[in-house]
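Asks: With chain A's structure known, arrange chain B on it following the hints.
2 protein chains.
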Amino acid sequence: MPATSPAATTFRLDEAVALLERTPSLLDAQLRGLPEPWLSCDEGPKTWSPFLVVGHLIHGEKTDWIPRARQILDKGETRPFEPFDRFAQIEATKGRPLADLLDEFAILRRASLDELAAMNLGEKELDRRGRHPELGAVTLRQLLATWVAHDLDHVQQIARVMAKRYAGECGPWSAYLRIVRE
Amino acid sequence: MPATSPAATTFRLDEAVALLERTPSLLDAQLRGLPEPWLSCDEGPKTWSPFLVVGHLIHGEKTDWIPRARQILDKGETRPFEPFDRFAQIEATKGRPLADLLDEFAILRRASLDELAAMNLGEKELDRRGRHPELGAVTLRQLLATWVAHDLDHVQQIARVMAKRYAGECGPWSAYLRIVRE
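Chains A and B, in that order, are what the protein sequence lines are. Note that numbering that gives the first Met the number 0 gives residue 51 to position 52 of the first sequence, counting from 1, and the numbers run on in steps of one. Note that numbering that gives the first Met the number 0 gives residue 105 to position 106 of the second sequence, counting from 1, and the numbers run on in steps of one.
Derived by calculation from the structure, the hints in this document are not laboratory data. These numbers come from a predicted model, not from an experiment. Careful: at least some of the hints might be erroneous.
Copies of one chain are not kept apart here, so a pair can be met inside one copy or by any two copies together.
In silico lysine-lysine, DSSO-like type, Cα no more than 27 angstroms apart, as pairs [claimed, not checked]:
1) K93 to K163
2) K163 to K123
3) K163 to K61
Isolated chain A, as found in the complex (with noise of 0.2 angstroms):
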């Protein structure tokens, strides 16, 4: 039985919605309105602060997820997905208030999930296989699951980043905790 059958996934699509509707609510919850050093600090040089996890997901919003779910619908393995640069919100959020950014990324996200319901997919449909331009052959399904995990990955960072900030203000608990040592 191949790995992408029905039978042998744990994925359901309107269970991947379900957590992908709800990111833009749950980095609000996170970080909305909250004293700057909690959203400027990070985990030292050439690591992300939570404001700069929020652009590369507005990132992720215009050129990752749809785009490439759109392109394995339209072009199946014939050309490889754009390469997705990981740096291009440090540039593209320059300056601009996390507010606008959580604002941005809930509309991005909201189109998403209306393209993405408007495609209506079926089992066929998640079995269908794109090209990435690493990792070779994926399939529309493992698209999606990867979607949700890396949404789940960056509240993780954020809720990380953040609880290192305090790494050093914990005193002997810090042996409990293992997110200040990460």
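Replies: Positioned in the frame of chain A, the structure of chain B alone reads:
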């Protein structure tokens, strides 16, 4: 300069409260109304589901953070804290709907922060010491910083546990996603 000196610390009570007060809405955004498989998934035997994490946070409000802060102010180092039961929530939450747990946590957290505000803590009080049953001398500032980091740790945990549900679904992309492999 002692590690707990205000000049050597990044801890600020107002910034800590800004995070603590949003954890109920953050958990709501993360979990309320999600399809059940996202709430009951875990990382294997003896690990916690998102549902159990919320139960654990409730137990912390009742027995850990503010009770220990009160004890530091009232008794100092004369008596160790009551040990915290990390498994109390397993029985206490059995059969309850998640929405009830989220409501209870929000009420308890509001009451905790009201009591914290009423303590009217200055740097002198934040320097006061209590005694942890395993870790020894700890300051009130360290307790409050740990409260913040502990919230963030469990936000991170919930994101990680949910992401791992899709560990087998991301295909080649799992090479890019540490969260599904941790």
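Asks: Would you mind marking each hint as holding or not holding in the structure?
Replies: Evaluated hints:
no. : hint         : verdict
1   : K93 to K163  : within (24 angstroms within a copy, 33 angstroms between copies)
2   : K163 to K123 : between (44 angstroms within a copy, 24 angstroms between copies)
3   : K163 to K61  : between (30 angstroms within a copy, 26 angstroms between copies)
Checked against the numbered hints above, the structure breaks none of them.
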